[in-house]
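Chemist: Chains A, B and C, in that order, are what the protein sequence lines are. Taking the numbering used here, the leading residue of the first sequence gets 1, the next gets one more, and so forth. Taking the numbering used here, the leading residue of the second sequence gets 1001, the next gets one more, and so forth. Taking the numbering used here, the leading residue of the third sequence gets 2001, the next gets one more, and so forth.
Note that these hints are calculated values from the structure, not bench results. Any given hint might turn out to be false.
As the list claims (entries may be wrong) - In silico EDC-like cross-links for lysine to aspartate or glutamate, where the CA-CA straight-line distance does not exceed 16 Å: (1) K2200/C <-> D12/A; (2) K2335/C <-> E2289/C; (3) K2195/C <-> D182/A.
Unchecked claim - Now the stretches of chain C that chain B is said to cover, found in silico as 3 or more residues with beta-carbon under 8 Å: (4) 2002-2010; (5) 2251-2262; (6) 2308-2319; (7) 2324-2333; (8) 2438-2449; (9) 2468-2475.
Please read these numbers as outputs of a predicted model, since none were measured by experiment. We put the CB at the ideal spot given by N, CA and C, even for glycine.
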Amino acid sequence: MAIKKFAVACFDDEAPLFAAVDKVRNSGYKLHDVYTPFPVHGLDVAMGHKDTDLHIAGFCFGLTGTATALGFMSWIFTSDWPINYAGKPFFALPAFIPITFELTVLFAAVGMVLTYCYLNQIMPGVKKHVFHPRQTDDYFVLVVEVPEGEPEGEIMEFLAGTNPLETNVQVAEDGWWFGRWDKDEDYTKNFA
Amino acid sequence: MMTERFTVPAKLKTTGFALLIIGLLTLIAGGITLLGSANEIDHSRFWVSLLHNSVFFLFICVASIFIQAAASLAQGGWILAYKRIPEAIGANVWIFGIIALAVLFAIVFGAADHNGHNPIYHWTHPGDDKILQGKSAFLNPGMFVGFSVVAVVLWSWFGIKFRQRSIAQETAPKNSTKIYWGVIALSGAFLFVYALTMMSTIPWFWIMSIDAHWFSTLFSWYVFASAFVSGISLILLWVIYLKGKNALKLVTKEHIHDLGKFMFAFSIFWTYLWFSQFMLIWYGNIPEETTYFKIRMQGPYSFFFYANIIINLVLPIFILMSRPSKRNYFTLVFIAFMIIFGHWIDFYMMINPSPMQENWFLNWFELGVPFFFVGILILAVSNTLSKASLITENHPLLKETLVHIS
Amino acid sequence: MHLKYESFVREPLITGDKTYAQVTEDICKPIEQKPSKLWYVGFVLSLLFLGFGVFSVFWEVYWGLGTWGINRTVGWGWDITNFVWWVGIGHAGTLISAILLLFRQGWRTGVNRAAEAMTIFAVMCAGQFPIFHMGRVWNAFYVLPLPNTRGPLWPNFNSALLWDVFAISTYFTVSLLFWYSGLVPDFATIRDRAKTKLRKRLYGLASFGWTGTAKNWQRFEALSLVLAGLSTPLVLSVHTIVSFDFATSVIPGWHATIFPPYFVAGAVFSGFAMVQTLLILVRKIYKMEDYITLGHIEAMNKVIVLTGSIVGVAYLTELFMAWYSQVHFEQEAFKYRVFGPYWWAYWAMMTCNVVSPQFFWFKKLRRNIVFTFILSIVVNIGMWFERFVIIVTTLANDFLPSSWTYYSPTWPELGFYLGTFGLFFTCFFLFSKYFPVIAIAEIKFTLKVSGDKYKRDMQRLDAMTTEEFLEEANHAH
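With these hints in hand, go ahead and build the complete structure from the sequences.
Modeler: Given below as structure tokens:
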């Protein structure tokens, strides 16, 4: 985690945003990230993100659940404490299916949500820098990193060429930290 | 106006005829050797196999009408890129309907053992069987004929009507919605008919009554699920075949992906119903009910019993789970063939064990008869497809299907 | 970027010429304002019901199950009836959020948030009944497979009642996760526009630090899809397992193979009716008519007539099979159902569930709000009677005629039921005050496809020929 200087450009529609993302990626500047108020289809591809492997994690968690349920019930009913219930066999597979299914789903869902929170680095108490308060409302915010020690003028000029609604320069933490959302951090002093 | 004509390739025609003739020869050979045999089991073998195939192929074709009705009612745009295929299959339901009726009536009125009893539908001669006497208000030849004829006529009519309306839309004024809403009303009517035939009475009469004492409230829904997932697979096979012939230019991987999802989801749905029926009967363990599974699971059919689950559940789940496999023509074709074959086996398991008991066959005759039906299917559907444009031009939802993302 | 297009035959799902900013404003406003008087009245009333429910349950726990009307013949009465009823109601939320997501039904975005909330609250209510029906509720943890010093004595994994424990708790957990993962970005929206410090702090906490980066949204979509894929079979399994509580027995009238899918259809049926009841109120009180349009109400009414008819086919199938089976006890069980001492319950069920939804074949009635509201309540009454018929009428005439009896509930049972209404509506009022009742991000996602303002611009696309349109769509990439 580090404190860096960023050049920010805001748009109010997806079309100019996609054009700007293309332009930044072709220019050689470092695209820090793009913030949108809702999932924009195709943006991840335009930014060069790979597909997420989250569902593979879900599959593995699910299999763990299947194995846990089947293994546990089989062990209890065939070896730990076999009981004759209604003349059913000790290893009564059809009767084990419902619980096995439920635990498969439970493990897959809980495991995936935890993985998701970890990958996205979100949890209660986490705080991240918000480049524009309207990025969760109606703005599409594109952020370019200003290389350390370099002036931002050239980048700002470049961003202005993408027809944004507004541009500005911000100094901010680029990762996450624990903090309260009703208190503001001020990093400008780091670059004074 | 965007049109796309399909001319039936000579190779497809030849294949269709070849299969038809193989099937026909099998039937003739079977007619001579099996019906001419002194052994009564051979007579049953002939009829049971015909019954199995005629009902199976009729049901998977009727599934195409159901898919059209469901998509119309849900206002689904996804189907329009290849809607002419379920339309062509549905419009040929009458052929399979007539064959099935002929076979069914021949069995009900014609099949008899040396005592004059019906070897397949025991209920035609209840004798002093108290249970069958009790059921005779429903299970009697008159009711059987009535329900069967009405069902087949209605299905055939809807199948032809849906296609007609769809073709009429092409020449209707641009963006006119009169036919569109008319088809939606028609689809509602079809669902009503479907609920009272396919989802209830018809599988009771045609299939469940073979085990004349046995009963299961779920049975017809289970038959529906089996036919539906095979019906989807059948549509997919046609889509990919035409795509391979450079036809269906509007169909993209997104549309194919949809069909893959349907095959995946409804394989699970079928398993759900299979499990519900099996588990409850296994759990209740009441002799009247378990007889059905006794012979199928523990008797000579146990191999098919487990193969049924592996082909129809395990294979689709593991092969179709990942996204790339639902967009790959080869895996899709493979799994579609497996699903159709698997549910053919499922129908085999519904129909064969009761009349044949431990004398089961899956031999030249049983494997040859389906070719007759496949041959008809290929010839009839390809011929219908060539009669109209493959593009449902001017349908109000057609443009949506062009920007459809699975 | 793809070409945004929706056919002209679909009516707009968002009316009132909304922009992204207005969507945020409309949905967040109720949270930032003081609640109306009506809200306070409703909330206090709910609390009163809840209080009475707590007292009734306290009474039962203190004095024992003898305070209820159930007896040795009718061991399951209102308690299990209410349990099944509440679980069923929950199903619509999952159906809307999961199955309709998989089926790409755009109209779900207007109603899914409230419907999912309803699911969670309904499952909470449902869970109370089996727990307190245990009698010695302090031993309730016996149902969990915990290592213990009693042997170790494990629960019976072959019992459908234990399957319920797993099914309901899994269902609750997964629904909660699904719901909350969708809420996180919306909480961030409220946080970023919050004017007061307290609101900023609390919604900051609730939003998990969400900022909406492209990668986060990509994972968000992947998570939603997989959770929807998991919830779909899950929701089927839950009411299936509830139906197993009855169907795994050998009691005539309960042991029927059709029970699993028929219970699921009934659950969706009653759930959609409850969604209608709630959303017709919500759209009126919070002035959400632009987001929950007549089109939404009509779509849900279509689901109601479909599932109502499926349930009807199942009723008739059951009745027919009872006769067809030629099993004496099956036939008697259904004779007592239809003409026995509880005939009124059977016919109430038939009228409310099978006959009344048929009115929704008519477009005029599907789009009539008052009619829909009344019918949604009728359907829920009918579905309550369905469970009552299945449970009580079957048990009241059991195998031994000498033990036949007539069951009526006592006041603690009634109070318990009313109490769950209190719990449900207390939760729902709090939800509607502090949570965005409509999924903000999802509405924005569909705005430029189904918003009326944008649909007017699409007339240009509708006028094109298919070739021109195809050209345009390929260019947009």
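Chemist: A separate judgement is required for each hint: does it hold in the structure or not?
Modeler: Checked hints:
1. K2200/C <-> D12/A: violated, 24 Å
2. K2335/C <-> E2289/C: violated, 48 Å
3. K2195/C <-> D182/A: Roughly 10 Å between the alpha carbons, so the hint for K2195/C and D182/A holds.
4. 2002-2010: holds (count 8)
5. 2251-2262: holds (count 7)
6. 2308-2319: holds (count 7)
7. 2324-2333: It holds, with 4 qualifying residues against the three required.
8. 2438-2449: violated (count 0)
9. 2468-2475: With 3 residues closer than 8 Å to chain B, the stretch 2468-2475 of chain C meets the three-residue bar; holds.
Comparing the model with each earlier hint shows violations of hints 1, 2, 8; every other hint is respected.
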